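Let the sequences and hints guide you as you build the complete structure.
Residue numbers (my numbering), protein chains in the order written: chain A, 1 to 232; chain B, 233 to 522; chain C, 523 to 703; chain D, 704 to 1348.
What the hints contain is simulated information worked out from the structure, not anything from laboratory work.
Every value quoted in this text rests on a predicted model; they were computed, and no experiment measured them.
Some clues are possibly wrong.
[What the hints assert, rightly or not] BS3-like mimics (lysine-lysine), calculated; alpha carbons at most 25 angstroms apart, straight line:
{"#": "1", "chain 1": "D", "residue 1": "1006", "chain 2": "D", "residue 2": "955"}
{"#": "2", "chain 1": "D", "residue 1": "1178", "chain 2": "B", "residue 2": "425"}
{"#": "3", "chain 1": "D", "residue 1": "1000", "chain 2": "D", "residue 2": "874"}
{"#": "4", "chain 1": "C", "residue 1": "554", "chain 2": "D", "residue 2": "1222"}
{"#": "5", "chain 1": "D", "residue 1": "884", "chain 2": "D", "residue 2": "1222"}
{"#": "6", "chain 1": "D", "residue 1": "1222", "chain 2": "C", "residue 2": "638"}
{"#": "7", "chain 1": "D", "residue 1": "1227", "chain 2": "D", "residue 2": "874"}
{"#": "8", "chain 1": "D", "residue 1": "945", "chain 2": "D", "residue 2": "1000"}
{"#": "9", "chain 1": "C", "residue 1": "554", "chain 2": "C", "residue 2": "577"}
[Unchecked claim] Restraint ranges, calculated between C-beta atoms of paired labels, are given here:
{"#": "10", "chain 1": "B", "residue 1": "348", "chain 2": "C", "residue 2": "614", "range": "27 to 33 angstroms"}
{"#": "11", "chain 1": "D", "residue 1": "922", "chain 2": "B", "residue 2": "269", "range": "57 to 63 angstroms"}
{"#": "12", "chain 1": "B", "residue 1": "341", "chain 2": "A", "residue 2": "162", "range": "32 to 38 angstroms"}
We treat Cβ as the ideally placed atom computed from N, Cα and C, and that holds for glycine.
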Amino acid sequence: MAVAESTLTEREIPREVLPEEIRNRFFPAEVEDISGQSVWACMQCGTCSGSCQFAQEMDHTPRRIMEMVRTGLREQVLASRAIWYCASCYSCTVRCPRGIQVTRVMMALKSLALRAGHVNPRDDAPAFYESFLRVLRLFGRVHEPTLVAAYALRTRPTRVLGMMPMALGLVRRGRMAPLPDRAPGLAEVRRLMEAVEKVRGSESAGAREVALRSAGCPQAVRAARREEVALR
Amino acid sequence: MSRLRYAFYPGCTAHASARDYTRSTYATFRALGIELEEVPGWSCCGSTAVSNVDPLLGMALCARNLALAESTGLDLAVTCNACYANLAPTLEAYREERRVRDRLQRVLDAVDRHLEGEVEVRHGVHILTRDLGLDRVEEGVRRPLDGVKAVPYYGCLLSRPRNPYDDPENPTSLDELLATLGVEVLPFERKTKCCGGSFMNTKEEVALRLTFEILEEARERGAHLIVCACPLCQLNLDAYRAKLRARYGTYHDTPVLYFTQVVGLALGLDRRDLAIGQSFVPADRVLGLR
Amino acid sequence: MTGEEFEPKILGFFCNWCSYAGADLAGVSRLKYPANLRIVRVMCSGRVEPTMVLKAFACGADGVLVAGCHPGDCHYQQGNYKTLRRVPLLERTLAQFGIHPARFRLAWISANEGQKLVQVVTEMVDEIKKLGPFPGTRSRFPELGAAAPGPAERPAAAPVPGERGAAAPAATVAAGGEAHD
Amino acid sequence: MARIGVYVCHCGTNIAATVDVAAVRDFAAALPGVVVARDYQYMCSDPGQDLIRKDIAEMGLDRVVVASCSPRMHEPTFRRALESAGLNGYLLEMANIREHVSWVTTDVPAATRKAKALVAGAVRRVALHQPLEERYADVTPQALVVGGGIAGIEAALKIADGGFRVHLVEKEPSIGGQMAKLDKTFPTLDCSACILTPKMVAVAQHPNIVLHTYSEVERVDGFVGNFRVTIRHKARSVDMQKCTGCGTCWSKCPYTAPNEFDEGLGKRKLIYIPFPQAVPNKPVIDRERCVKFQSGKCGACQKLCPTGAIDFNQQDELVEENFGAIIVATGYSLFDPGRGPWGYGRYPNVLTALQFERMVNASGPTGGHVQLQDGSTPRAVAILHCIGSRDTNYHEYCSNVCCMYSLKLAHLVKEKTGAEVYNFYIDIRAFGKAYEEFYNRVQNEGVYFIRGKGAEVGSRDGRLVVRCEDTLLGKYREIPVDMVILSPAMEPRPDAARISQVFGIQRSADGFFLEAHAKLEPLKTATDGVFIAGACQGPKDIPYSVAQGAGAAAEVLRLLSAGRVTISPVVAQVADEICSGCRACLPICPYHALTYDEGVKVVLVNEALCKGCGTCVAACPSGALSVSHFRTPQVLAQIEEVLAV
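The following block contains the structure:
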């Protein structure tokens, strides 16, 4: 095979230097605060990726995601496809030689991605999780048909047709609950949800600042304040 | 004989798509002298979804359920792997991680609930194999299932992230339980591999690949039956055989039952009480019931 | 003592072979812990006499820590077993003197447990700060702001003197807790 | 009134950084009895010690306090300084203001105040010190080496060559340890047996070495220079004098069992020598399995033995010996990878590195042929580094040698089979002499080095498959291979707990034996006269073990050639006039140093046996007992002063 003669001119040869200024030094501390895990302990050995049944679908392997978190590539991580291919099966958590619960880091990243609005259009998982939460808020317990309906509306209404054979199969076997089962403590569950928002809202700035100061990056503390103002 | 009593956490699918699991659980446990009292006012545990939207909310829902169970003074029995993998790690984090405890206490205070951390969470498999004990199960066996070849399917969330009895890499509780019933338990490499869970709704081709690999190994091993312990795994393995044939060209006719159904059969309980026949792939021929 | 915040003085009897070496390891590892501990070296925790512990309290100690090898590790084979036996009796005596149980603690600290020393000292300082200064006798260097005398401390759990068979105070917080470590 | 000199050390910045040394010096100067107080950069240096010597001479000091580092570090140094100036070394007290103050405190005022307190205590205490004369004990001119691996062998040979008698105790039927199992050694690819067996033979033939094989140390009493040791000779059921090692018995024995030496790969008879070059090459009967012992039948070996050496009634034998010094060199054992996700014990053809060493060894079960269980030659072999090492779930430490022997095994597989070889590593640690060059050489032999830990071993289409991430490509990979070799962590021996209690030595957090000082005293232990060498102190390769073996031998030769050892003069004394003969103290002493004299009706102290722990002193109801250098008044004085500041 003749080697294609390079036609790129000097100017077009892509220079690949990581732009240091895009690094968000507050990002690792933010992930640590939510997940309770230290991303700094990772030695990049790849055991998590090697244990992950979904690594082959991911644009970045779990190991590389950890390195991107540490480096502070917040946008790239939160916009990545990889985190939505984590099914929380805990294989990585059990085997990580540094004892990092990688699954909880991934959960933290997904929650940050949703809150930051970085949602990959081609991926239905975010829509499914948010529909799940909406049904939960509605009844306190998840009613499967309502969930499927809400999820279909948020993604592709035609999906309901695809689910029909399954639904009929369940009905025929008496495994379809027609009416939702409202949790007796529904009001309390809703108050709980608000309380969670308040707890995270009130102390998160403080905790993040403490976490950041312990992480020793003053400009990250300033970034946290800017971030806080933006979110409110 | 001290009677075993537990607060029972049914989970959202208990009275819906997993009605057969709940029915067989009550029947089998009652036959073994184990009492289950549903936790009053329980709510959804967040399954594999809520923690991805907000990990703190995921733990808060579980903390409330744990507090409800603790107030009954009984240990908490769970039969769904996903619920178990939310409730047990939340309890452990509540006991061991100061930051988690502080936040959850503030959330529980807001709904005037209190969690001491005394309650223990037990999966149904371990209630039978450890709390009750295999010998007591063996005493109850009336119709040993000799000749039935089965593979135990733990799924990813029974032995992981951690449970007090099984080695995460090579759990044995389900194997031992089935062996006690006279079942010929075949080695099963994928017994803790993930079945895709909620990906069946959001990334179907991935979940189908995983369920196919599991069903394919079961077929190669010559298993008559797959025994599982989670409604999510059961549905994924049982309900999509047509789609699997469309995609991979082979139809797997290996039925998937819950361990409570199989134990119930060995105890001589009636097929209807164990809701056998409500699975998509019929199990009667394999169990010699027709 | 410049700051007005109460800084308790804790006297430590440390056995030369394990606990003193453990304290050295904490130093070599640059672990930080409150400066309230003053260590007196003894060859074995078995050398510590009850009179020495009482002397410490009499001389203004707010807390006393006896640290020795883990049972089975003693350089003299059985020295720490004797300490293990003496401590419950000593605790009962201290209680009868009206000394709160949290002020006396026995800890097994081996030569590689620098981290444990840090934890034990930090716990003791926190607990004793809550209790406040021990109203022992006046110190010989008043100008350096030693502990001022105060009313005899009446810990809630301490039995009324003269009570026969007073069991060791229920709230045996950490004191002796280490005994069956 | 005492004339005390106080010397406060800066220790460069180690103390001066957080302790106001000048303030401590001035505070000390004002203390009662202090005639001079100085501070200096490095008190332990010669100029520092000269300060003390000069002041003793010129100012007639009779007591010295040095406020510096831990007495465990430099008390001997300053004692010698006092003695060289004509002052008894025990008229010294040290205040540990470095490890116990400056290094553990950040707040300067608090650290300075704590330093002042310790100095005040030391000054008040030193005033009550009395001169003490070092005691000497004769050293039994004989050493004990426990463990017949390469470290133990090296130590025994060096001591024996030094002209002293050595007893070498080995638990297995033959010496050689784990090294005897190896095929080649890195980085020179010397054949392990070729460099080890000569040393083993030298041990067997050395006039100064008494070899106890198939034996264990049961009990150790006494102290440095005078250890009394009980050794158990486990019954071999073979009379060592009569047996000529002709081999008739083990060739004729009709029964076999898995050979532990071959790590379970090969078989051995029930009367056996572990490997051909065994030293001594005399067999032992496996009584648990031998049919004669189980059911009384067979006994073929006894009938066929030309010299009648087989003796089924032989019993364990206890031997007592005196030793001046002991070297513990009991080696390591391998982590069992069966618990992990690497398929060990689940799939055939998944071996540990030691099992593969036996397979590739010419005297091994397969005669050196690298083959699968079905006898065929593998086309692709995977070698997984860090199995159980650098892993908080198993062992957090790095086992030091696995990278290098994994490179060696890669070379051997390439050389013997030409198969594709994949090494799964996190970091290649080739730190020693000629190690990196060896790594370079193995790379050039076309071995695939995949930077990513082997996460899981599964099976697919009848072959093994290693699942990992190739982190340099950032890709998940499933590499099909025929054989997997696991490089497991080096672990302490299963009986390490018992050994540490028998010899009175401690274990560090990772379970290996604890050296006196990690950097400066790697071979000494906290117990004088007991030394450690080789992998029992931590994972290490052969050159490192040999160096430690020789080093420990030097420590022993120092003791034995000195002929006597200084023993601490700190012993108990009894004040006859006070002792009421209540004998409360007698059961306290583990060394039986206290005896009751019926005639005089008082207790007597045997100063040779007393170790000076002082436990009896604390128990004496009438205060008749006291222990020099830690007398109650001295300690009470220190307590009072330390709390006064």
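Residue 614(C) and residue 348(B) - C-beta distance against the hinted 27 to 33 angstroms: With a Cβ separation near 32 angstroms, residue 348(B) and residue 614(C) satisfy 27 to 33 angstroms, so the hint holds.
Would you mind confirming whether the straight-line C-alpha gap from residue 884(D) to residue 1222(D) stays at or under 25 angstroms? With Cα atoms ~31 angstroms apart, residue 884(D) and residue 1222(D) exceed 25 angstroms; violated.
Regarding the pair residue 1178(D) and residue 425(B), is the alpha-carbon distance no greater than 25 angstroms? Given pair residue 1178(D), residue 425(B) holds - Cα atoms ~20 angstroms apart, limit 25 angstroms.
What's the verdict on residue 945(D) and residue 1000(D), does the C-alpha distance respect the 25 angstroms limit or exceed it? holds, 24 angstroms
Has the given pair, residue 1222(D) with residue 638(C), been kept, meaning a C-alpha gap of at most 25 angstroms? holds, 22 angstroms
Given the proposed pairing of residue 1227(D) with residue 874(D), does the C-alpha separation stay at or below 25 angstroms? holds, 23 angstroms
25 angstroms Cα cutoff - pair residue 554(C), residue 577(C): The given pair, whose Cα atoms are some 28 angstroms apart, is violated under the 25 angstroms limit.
Take the C-alpha atoms of residue 1000(D) and residue 874(D), compute the straight-line distance between them, and say whether it is at most 25 angstroms. Status violated; Cα separation ~28 angstroms.
Regarding the pair residue 554(C) and residue 1222(D), is the alpha-carbon distance no greater than 25 angstroms? holds, 22 angstroms
Please check whether residue 341(B) and residue 162(A) have a Cβ separation lying inside 32 to 38 angstroms. violated, 45 angstroms
Within 57 to 63 angstroms or not, the Cβ separation of residue 922(D) and residue 269(B)? Check passed, 59 angstroms falls within 57 to 63 angstroms.
Pair hint residue 1006(D) and residue 955(D), alpha-carbon separation not exceeding 25 angstroms: With Cα atoms ~11 angstroms apart, residue 1006(D) and residue 955(D) stay inside 25 angstroms; holds.
The structure is inconsistent with the numbered hints 3, 5, 9, 12, although it conforms to all the rest.
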